[in-house]
Structure formats: C-alpha cells, structure tokens
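Colleague: Listed below, chain by chain, are the residues.
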Amino acid sequence: MSERLHPYFRFDTLVVGAGNRLSATAARSVAESPGSGYNPLFIYADPGLGKTHLLMAVGHRALEINPNLRVEYLTLDDFVEAFHTALAAGQGETYRRHVAEAQVLLLDDVQFLAHRREMQSELIRLIDAMQAEQCQIVLASDRPPADIESLDDRLIRRFAGGLVVDIAAPDFETRAAILSMRAQERNVDFDRDVYNAVAGLPFGNVRELIGALNRLIALQAVEQSTLGATEAVAFLRGDRVSGESVVVPADAPYAVAVEAGAAAQSEPATPEIEVPGTDGIPAADASEGSAPAEVSQDEFGSFLDEVVARVADQVEAWRSRVAEAILRWEGQGYRTTRLAQLLDGDAPPDIDTVIRAYEEDIERLQAMESEAERLALDVAGSPLFRDPDQVSAAESLLQQAREGVGPPPGPSPLWRLEDLVESGGTRVALRSARSVAETPGTRYNPLVVIGGSGRGKTHVLHGIGNLLAGDPDAVVACLDAHAFTTELIDAIERDRVAPWRARYERATAFLLDDVHVLAEKERTQEELYLLFNKFLGSDRQMVFWRSYPGWSHDS
Amino acid sequence: MSLVNFTAREITCKIVYYGPGRSGKTSNLQYIYGRVPEDRRGNMVSLATQSDRTLFFDFLPIDLGTISGFTTKFQLYTVPGQVYYNATRKLVLQGADGVVFVADSQARRFEENLESLQNLQENLLAEGTDIRDLPLVYQYNKQDLPSDLIMTPPELDEALNFRSVPSHAADCLRGSGVFETLKGVSERVLTKLAAGVPAA
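Line by line, the protein sequences give chains H and U. If you read the first sequence in numbering that gives the first Met the number 0, its first letter stands for residue 0, the second for the next number, and so on. If you read the second sequence in numbering that gives the first Met the number 0, its first letter stands for residue 0, the second for the next number, and so on.
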C-alpha cells in the first residue's frame with residue numbers, strides 16, 4: 000500500500016544527528032537491500048522523534064531503487080482491523096497471504112501488540128514467512144520489545160535476531176539544523192541566532208520543536224518584521240510550548256539539556272478490539288475430557304525438550320558449531336557461504352581455525368564498514384561489507400571512499416609567524432608556538448593559549464599552522480570555533496556528518512580559534528572531544544585559542 | 000527421505016502411523032495437532048470419506064524450531080487402514096524415518112492387527128527395508144474400553160511384539176499415551192543420527 004506513504008517522510012528530509020544516526024543508517028541499509036541485512040528491523044522511540052518518518056523513508060527509498068517492489072505500510076491497528084474483517088468474511092488466509100506477499104512490510108505502532116496473543120502469533124507467522132522469502136520487515140514502537148506487556152518471548156527473540164535500535168531526543172545542533180531546514184522548506188528565513196536560541200530551549204521532541212517554529216513563522220508574518228533571537232525566545236517563553244506537555248519556564252537558560260519531555264506525554268490507550276478465538280481446532284480438541292490449554296502446552300513442551308536433548312546428543316559437535324555460527328552471522332546479515340560449504344562434506348581438518356578465520360574476516364569487514372559509515376553513508380550500505388569472501392573488494396571500495404573526502408580548512412598563507420614582532424606580552428606565546436612547530440605533538444600538546452582579541456591571536460594560530468603545513472605529508476586543520484559549529488550544523492542538515500568528521504580525523508594537526516564559543520554547544524563539544532582523544536592518542540598536535548584579556552599560555 | 004540435510008541445515012523426520020482400519024491413527028494426529036502451538040504447526044491435511052475413514056492419508060507437519068543450529072521438522076503421516084488401499088500405504092511408507100504401529104486393543108480386532116503388521120513387514124521389504132532396521136514403536140490404543148473387550152498391553156506384547164520394541168498403552172481420544180508414543184518413536188529416529196545417515 001505504497002500510496003499511503005506520506006510524500007514528505009523521506010531520507011532527504013530527515014535530519015540525522017547523534018540521536019538517530021544508528022537507526023537512520025540501519026533504515027537506509029534495509030531500504031537499499033531489503034531482506035538481506037537487519038531483518039526484522041525494530042525501531043523504538045518516544046513519540047515525536049521520527050519513527051514514522053524513518054519507516055516511510057524506508058518505503059520511499061526502496062521504491063526509488065526498485066519501483067516494482069511491493070511496499071506495505073500499516074499501523075498495527077490497520078493490520079488488526081483488516082485481519083478481523085477478513086476473518087469475519089472467511090478470508091483470513093487470503094489476507095495473511097496478501098500481507099505476507101509484501102516485499103517490504105512497514106508496521107507502525109507495534110506497542111499495541113500488548114496483551115494480544117492472537118495477533119502476536121499472526122506476527123510470528125508473518126515474520127517467519129517473510130524471512131523465508133527474504134522479504135524485509137521494519138517495525139516501529141514507542142517502547143523496546145521487552146517493555147511491551149505480555150509480548151511473546153518468541154517475538155522478542157525474533158526481533159533480537161534482526162536489529163533493535165532506538166532514537167534518542169535530538170541534541171542542540173540537530174535541533175538547530177531541523178529548525179533551519181524546516182524554515183527553508185516553508186520559504187521563511189530567520190537569522191542563524193534565532194535557530195540557535197530556539198534550539199537551546201528544552202523541547203522534548205521534534206514535534207514540539209516544529210510547533211514552536213510554526214508559531215515563530217506566524218509571529219513574523221503578523222509583525223511583518225524580521226524576528227530576532229531575543230524576541231523569539233521571549234515569545235516562546237511566554238507561550239505554552241505544547242498544549243499539555245512541556246511549558247518553557249521563564250527562567251529557562253538558552254542551552255539546557257533536553258529533558259525527556261516526551262515521556263511525560265500521555266500514553267495512547269490500547270484500543271479495545273475484540274479478539275476472536277482460535278480457528279479450526281479439530282475434533283480431538285473438542286473431544287470429551289480434552290486437557291486444558293496449560294496441560295496441552297506442557298505435553299508439547301515436554302516432547303520438544305526431549306527432541307532438543309536428543310538432537311543435541313546426536314548431531315556431531317562440529318556440525319552444531321558450524322550451524323550455530325551460520326545462524327549467528329546470518330542473523331547479523333553476513334554471507335555464510337564459506338561455512339555452509341563445510342556442512343556439505345565430512346569433518347574439516349581444523350574447525351577452530353576455519354571458524355576463527357571466518358570471524359576475523361568479519362571483524363575486518365566490521366572495522367571497514369564502520370570507517371565507511373564515517374566517510375560516506377551510501378558506501379557503508381554496500382553488501383561487500385557483509386561478505387567475508389569479498390574482503391579485498393570491500394577494501395577497494397573503502398579506499399575509494401577515503402579518496403572522496405576533501406581536506407579540512409587550512410591556515411591562511413597570509414599570516415606567517417615570522418612577520419610577528421616579539422614583545423613582552425607575546426614572547427611566551429610565540430616561543431611556545433615555535434616549539435610546537437619544531438616538534439609537533441610531543442612537547443606542548445595541546446597548546447592552549449589564552450589571549451584577548453585584537454592582539455594578533457589569529458595571526459599566531461595561522462602562523463603555527465603554516466609552519467606545520469611545511470611538512471609535505473602534513474594536513475593542517477585551522478579554523479575558528481564558530482565556523483566549526485556552523486560546518487557541523489550544515490553537515491547535520493545535509494546528512495553529511497560522517498564525511499565532515501572524517502575530514503578532520505585525517506588531519507595531522509588541529510588548530511581551533513575562539514574555543515570559548517563552544518560553551519553550551521553540546522554536540523560540537525562532543526565532536527571536539529572525540530577528535531581531541533584521537534589526536535592525543537596518535538600524538539598529533541592540537542592548538543586551542545581562547546579569548547581573554549592579556550597574554551598568557553598554558554600547555 | 001534424508002533425515003539430515005547438512006547443506007540446508009535441516010533435520011526432517013518422517014514418521015508414519017501404521018495399523019489396521021479404525022485403530023486410531025488419525026485420532027493420534029488430531030490430538031497432536033490440537034496440542035501443538037499454532038505457530039509450530041502447518042495445516043493438517045486430511046483426506047477422509049464421508050464416514051470419516053482415511054481415504055488417502057493424513058499429513059501433519061510440525062516445526063520444532065532450530066535445534067543445535069538445525070531447523071528441525073517432523074512430518075507425521077497416517078496410512079489408510081483398509082486392506083484395499085495397499086498401494087497408497089506403500090507410497091506413504093516410502094522414505095519413512097520411523098513407524099508407529101497403532102494396534103486396536105479390542106480382542107475381536109486381533110487378527111486385523113496381525114494382518115496389518117504382516118502387511119507392514121511386506122511393504123517395507125518391497126521397498127528394501129528390513130523392519131529390524133527401522134525405528135519402530137507400538138501403540139496399543141483404546142485401552143479405555145471395558146477390560147472384558149480388550150487385551151492388556153502385556154497380552155498384546157506377547158501376541159504382537161515379537162521383537163520387543165517399545166510399546167505404549169493409549170487412549171487417543173483423550174490423549175493418554177499419544178505424546179509418549181511420539182516421544183518414543185522420535186527418540187529411536189534421532190538416535191539413528193549417530194549411526195551416520197548420509198547427507199542429502
């Protein structure tokens with residue numbers, strides 16, 4: 000039922016940040032190769048964080064790649080209602096087949112499976128049938144599987160056999176990027192400060208954030224003047240941010256950690272839908288004296304236990320190990336041809352070595368895929384990263400991705416250290432700078448200089464950068480913190496955070512001006528922290544400059 | 000039929016319920032069907048005449064899930080008991096991994112039990128299988144009937160069970176002995192795995 004997919008909910012309108020990066024990557028991966036990777040994919044998040052957006056984006060993307068695909072989007076309520084209608088019309092089996100024939104099934108609001116044993120059984124059957132045909136299932140819920148009341152363990156195991164991912168509340172930078180993107184879509188433009196100021200308010204989810212933006216757009220239209228950051232925040236502070244959930248307190252600071260506001264939203268009640276009894280129980284079940292359900296389950300369970308014990312006893316241990324390894328890695332979306340071939344023959348010479356070699360190849364693929372995700376998401380979704388027999392091909396693909404990432408912004412050649420005149424106030428800083436340029440990454444790392452504006456600090460920073468860039472192998476990143484944050488927001492907006500990050504990770508030195516600007520920019524700080532650790536761990540030079548009256552330095 | 004398909008990582012056991020007409024073979028399968036959780040069982044195929052006699056065969060697939068890395072399935076069949084359906088019995092018996100011989104405990108049906116047992120032996124031989132090599136268990140059904148009408152399990156063992164295979168007293172309509180029988184035959188079938196059944 001692909002016509003039910005909302006045209007807006009696509010990957011290109013999805014702002015990816017730290018909170019939804021994993022789920023978005025997984026969703027894109029299954030959309031681009033349905034049934035071959037994470038199957039089923041289970042996404043959970045508080046309301047308003049973009050579950051339905053992701054679900055529908057999978058449908059759109061899958062159809063873009065293959066317009067002939069049958070994509071079915073259903074909420075659980077739709078599914079229950081249609082199934083019961085079909086049952087009442089004696090068409091239960093036809094409807095089962097109809098749903099199971101979808102090549103991509105997107106099932107929303109599956110938290111409503113709570114206490115519905117019959118529908119849970121239907122879903123188990125559906126998942127099994129679709130997996131057997133290598134068809135993709137993606138499910139969304141407002142809570143993890145284990146928190147859905149009375150959910151059958153077998154369903155939980157099936158979900159765990161695919162991938163269960165959550166979406167967290169967006170961080171400051173993601174909120175700023177969402178506001179900017181949504182305003183552009185409405186052909187409205189606010190000053191960047193407005194986005195930053197509104198992003199600093201404690202909205203628990205994207206829905207509330209967009210609601211606030213809508214009010215600002217309306218206000219600007221009424222006022223017929225450009226709205227400033229202070230005015231926007233004052234307006235929202237005096238306003239109820241959401242009808243019944245979060246009220247922005249008058250004294251709320253601009254950048255406050257996002258509270259779990261969504262959790263305060265009232266949970267939608269589970270609809271009361273009558274569940275009919277099981278069908279087609281044959282004569283023996285209705286016969287006089289038939290055992291109650293619990294007893295019958297015990298009879299089968301006891302039989303099953305015996306079979307399990309017997310098979311475990313009789314199947315040769317090495318075959319079990321190989322079969323279990325196949326199941327494990329197949330479940331994680333890896334090709335297992337190499338292992339499956341072992342089962343065709345007699346005992347291989349050294350089963351431990353064979354399995355270890357296979358798993359080492361998978362570790363290499365995982366490391367490569369992880370790097371590819373940082374470099375370019377489209378490359379990361381390649382099936383080559385899932386085939387241990389194609390490690391060399393995966394390496395070539397990764398190399399191509401590496402070569403596609405440009406260098407970070409470097410120092411301006413206009414500012415050279417030797418042009419600066421040493422004075423009493425700059426002597427220590429300049430000597431430290433020269434020392435850093437002579438032995439980068441060893442003596443003063445990081446070099447942190449504190450100095451006021453208008454005293455040549457940018458000149459010194461770029462001067463160090465130019466000296467370091469003298470090494471032909473050097474890649475020197477040199478920019479101010481404001482530009483660093485703006486780049487990050489832009490990258491989030493364009494879903495290019497991974498390549499953006501990769502540009503800096505490949506630098507041999509990192510020089511950042513006006514680092515104090517990063518106060519209250521929690522996402523940028525997080526990125527800087529990751530970068531900092533990588534540079535420190537590999538003895539690559541870092542220089543930070545913080546604006547402060549007077550000259551002094553610390554290392 | 001291959002018991003173990005290593006390539007497909009499947010263990011599939013074909014178990015045939017054999018015995019004279021009206022001894023309770025279909026009742027065994029019906030009882031099992033009612034006790035297997037919905038998601039573990041397939042549709043039970045039952046081709047019966049208007050008088051509820053099995054015309055061709057009953058078939059009940061059971062999916063036991065993944066065991067030791069192998070997808071494990073049981074396929075339960077019955078054969079038509081009436082003498083004139085021997086061609087069908089031969090067909091169903093082909094590739095059986097195990098057999099449950101369902102005997103009618105009524106004294107008046109003793110001869111039919113004996114004939115059916117001989118028929119089983121002949122049909123297996125025709126297929127090139129020695130009954131002594133096949134996992135086989137006996138089930139003495141209808142033990143709930145008045146004692147003056149039936150033979151006791153020891154009496155039936157004495158009269159029918161020449162090779163002392165495991166036997167189980169049963170009342171299939173109420174389920175007594177049904178799963179014990181299934182367990183018994185499964186144990187013997189799966190034990191054959193150790194003997195090294197050729198892969199598919």
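The hints are simulated quantities; they were obtained by calculation from the structure and are not laboratory data. Here the structure is a predicted model, which means the values were calculated and not measured. Glycine included, every Cβ here is placed at the ideal spot set by N, Cα and C. Among the clues, some could well be false.
[Claimed, not checked] According to the in silico footprint, chain U covers these stretches of chain H (three or more CB under 8 Å from chain U):
#: 1; stretch: 309 to 320
#: 2; stretch: 328 to 334
#: 3; stretch: 337 to 345
#: 4; stretch: 529 to 537
Colleague: All hints are to be evaluated individually against the structure, with a verdict given for each.
Modeller: Hint-by-hint comparison with the structure:
no.: 1; hint: 309 to 320; verdict: holds (count 9)
no.: 2; hint: 328 to 334; verdict: violated (count 0)
no.: 3; hint: 337 to 345; verdict: holds (count 3)
no.: 4; hint: 529 to 537; verdict: violated (count 0)
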